[in-house]
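Trainee: Residue strings, one per chain:
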Amino acid sequence: MLPTLMGRIQTRIFVIAVIGGLWALVIGPVLPGGGTTSDKYKAMYGVLLIVGVVGIAWEVIYHALMQFRWEKDWPTLFGLVLGVPEGVVAYLVARSGVLSSTEHISVGAFVVGFGTTWLVTWLWVNGPMRIFTVHWRFRGGRLI
Amino acid sequence: MGGRETIRMPGAVASAPDTSSSAGDLTPELIAADQWTDAMVAAAGIPVVEVPFVSVGGGIGSFVTTDYLRIAGVPKEAMRVLGNNETPWSTYEYLTRNSQIPRTERLRSDSASTPDCIWGFPSYAVREALAAKGLKAKLAPLWNVGTEPIFADYYTPKAGQAFATMEKEADRIGYFDYFDKGLVRMVRKRQGGGYFTILTPPDGTSATKRVAYKSRWVHIAVGYPGLKFLDDLQTYRQQYNDYTHVVNAYEPHEGVYEELLRKPGVVVLRGGGIVASRILQRLIDDRDHKGAQTQIHHVFRTYITGAHGPSIFMRRKGGDGWAYQGFNYPKSVWGGQLKSRMRRLEGEERAKLYKTIGGTNTPVRRLWQDQLARGRKEGWYRTHTGEVDSVVPAEAGGTVTRIKTKDGLLELQASYIIDGTGLEADIAEHRLLADLLEHSGAGRNPIGRLDVERTFEVRGTQNGDGRVYASGTATLGGYFPGVDTFLGLQIAAQEIGDDLARQGFGKRIGPLRSTAQWLRWARGKKI
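Going line by line, the protein sequences match chains A and B.
Per the numbering used here: the first sequence = residues 9 to 152.
Per the numbering used here: the second sequence = residues 8 to 534.
A few of these clues could be false.
What the hints assert, rightly or not - Listed next, with one range per pair, are the computed distances between beta-carbon atoms:
id: 1; chain 1: B; residue 1: R466; chain 2: A; residue 2: G123; range: 34 to 44 Å
id: 2; chain 1: A; residue 1: V61; chain 2: B; residue 2: A529; range: 33 to 43 Å
id: 3; chain 1: B; residue 1: P109; chain 2: A; residue 2: L151; range: 55 to 65 Å
id: 4; chain 1: A; residue 1: V61; chain 2: B; residue 2: G354; range: 35 to 45 Å
id: 5; chain 1: B; residue 1: T309; chain 2: A; residue 2: A72; range: 31 to 41 Å
If you're looking for bench data, these hints aren't it; they were derived computationally from the structure.
Even for Gly, the Cβ is constructed at its ideal location relative to N, Cα and C.
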C-alpha cells in the first residue's frame, strides 16, 4: 500500500482500534508482571489509545520524510522497524501518568503487549487487510 | 495501422482479412455514417448479437476488467470479449519473450500486482514462498519483498507465474465461454442509444463476413497501437533491404544471439530503458556462460550522470547513463500520493507532471550493475552519447552508425544493431482507435492519447444511456498515469466496475462481497 497522509491516519486508527483491539483481548491476560486481568486489560487498551493518538503525530512526520523519496512510497521494512522509536515514545508517554491505567506498566508487559501488537498489525496491513476491501490499497490507505 | 509501424503483434492485423464470403459485409453507407440504425445494419445483412457489455481487445485489459465484473456479480451471458488473441496473455508473452523475458525470467512488476487476483493477496512473493521446496527457498522471496528496496532489489515475479495464474483464473471465471475470436473493425454509435461493435470472425467460422454486437456498454483495451522503429533504422532497413543486421528488441531476433556465439561480433545497442537492460543481460550472460566474445557499444541519446529532477523532493536516482526507478513510474502512482495528485491536474499541468515522472528509465538490479561494471573495466562494454546521424552498410559487411557527439562525428562499426527504444506509435495508427476519433466523438488528452474521465469513460462518446470505456496504454496521459501495467489495468477495472455498478450493471464490491468472493477465489471455486 502506498500511503497518502489521510490514508495513513485512517489506516492507523482502524488498525489500532480493530486489529489491535482484538489482539489485546488475546494477549492481555498473559502479559508478564503482576496485577489482575482487569488491570492488564486496562493497561493494554491504554497503550493502544496512546499508540493511536501519538501515532497521528508520527504519521505526519512519516509523511514529511516520505517527501524526500522519489517514489513517494513507504517500504514494508520501514513499517516494521519504526516500531522501535514509536515503542520508546509510547512507553515514556505511558509511564508519564497521562493515563492512570498505564502509569505503572512494567517494561516486560509493555514490550510484550506493544511488540506483539506492532507485529500483528504490521502483518495485517501488509496482507489480509486486502481481503476485506478492494478499494483501500488504491486509495492511499483511505477507508472513507 | 499505418506503414510506419514495423513490429507486428499477434492479433493486430493491418487490414481486414479477405474472406471468401462477402455476405453480411459493411456497406459504404455504414462506413460513412457516424450513427447507425438497426435497419441499416439489417439491410447490410450483418447478423446482430445483443449483449449488455462488450470488451474489445481480448488481452490482459479485457481479462482483468471482466474478471472484476464477474466478481462484482455480472453473469457470463451479459458480457462478450472480442479479440484476435488465443489467450489474454498471448501478445504480452510474445513481447516479453522477444525482449528476453522467457517464462523463467522475472518481469518488472510488483509482488502485489496480480492480474489473476483483484485483491493482490496473497502476493506473488507469498505464493512463490508457499510453493517453494525447502526452508531457504521459502524464505528467500519473503525476505526479498520484506526488505525491498532497501536491502534487496524489488521483488518481481517470474513471467511464468503470472501466465499460469491468469490461466487458472480465466478457467475459474469462465473467460473462454464469453470470448469470441476475431478482429474488431469499428465501434459506432447506435441511433437510440448504445453501440454497434463490428467483428470480423476468422475465415470459415461465420456465415457472414461481419458480425455486429449491439451493446449498451463498450470497453476498449486494444493495447499498443504498434511499436515504431527509430526513423534512421527504418530508413536503413528499407534502403538497403537488410533486415538481418538491424533488429528491434520486440521482434524475434534469436538469430542474432546464435550468430554471436558462432563468431565474435560487435553490437550497437540503442536505448536506455528496461528493454536495453534486458538485451545487455542476454549479451553478457552469453559472454559469461556460453563463451561469446561480443563487444558492446551502447548509444544513449541522453546520458544521465546522477540524481536528477526539479527539486529536492523530486529527485530520481541515476548514473552511468541510466535513470533509475523500480517500475515504469514512481511507485505511488498506483495508489498513493502521486496517484492522488495527478487525479486533480488538468491540461498543461498534468502534461508537465507526466514529463517529470516519466521518461526512459530502468530498475537498479545488482546483477546488471555488476555485469556492466565488469564490462567497463574489461573494455567490452562502452557507452556513447549523441544523436544518430545515419546508418549505412559497412564495406566489410555489417553496419556503420554515424553519431553526432559533442566531440564531433563518431563512426561505430558493428555486426548488429539492436533497437531497444520501444517507441510507441500514435493511437491513430490503430484502425479501431482512429475510427473512434473520427466517427464517435472521442478526443485526445494533453499528451495526445485517448481522453478519458477519472472513471475511464472515453470523453465525448456517450450515447443515450450508453458509455464507452477504455483502459491500457491508449489512455496514458489521463488522470491516472500507471495505465500500461498489470496493476494499472486493475485500477482501471475498479473505476469502470464501480461506474457500471452505479448504472445498475453488477454490484459495487463492498466489504461483504469482497470477503465472500475472496474466499471463493482462495478455494478455486468457479463463479
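Trainee: So does A:V61 sit 33 to 43 Å from B:A529, Cβ to Cβ?
Mentor: For B:A529 against A:V61, whose Cβ atoms are near 36 Å apart, the range 33 to 43 Å holds.
Trainee: Please check whether B:P109 and A:L151 have a Cβ separation lying inside 55 to 65 Å.
Mentor: violated (41 Å)
Trainee: Taking the beta carbons of A:V61 and B:G354, is their distance inside 35 to 45 Å?
Mentor: Because 42 Å falls inside the window, the suggested range holds.
Trainee: Regarding B:R466 and A:G123, is the given constraint of 34 to 44 Å on their beta-carbon distance met?
Mentor: The hint (34 to 44 Å, Cβ to Cβ) is violated, given that B:R466 and A:G123 are roughly 52 Å apart.
Trainee: Could you check the hint for me, namely that B:T309 and A:A72 are 31 to 41 Å apart, CB to CB?
Mentor: holds (32 Å)
Of the hints listed earlier, those the structure fails to meet are numbers 1 and 3, in rising order.
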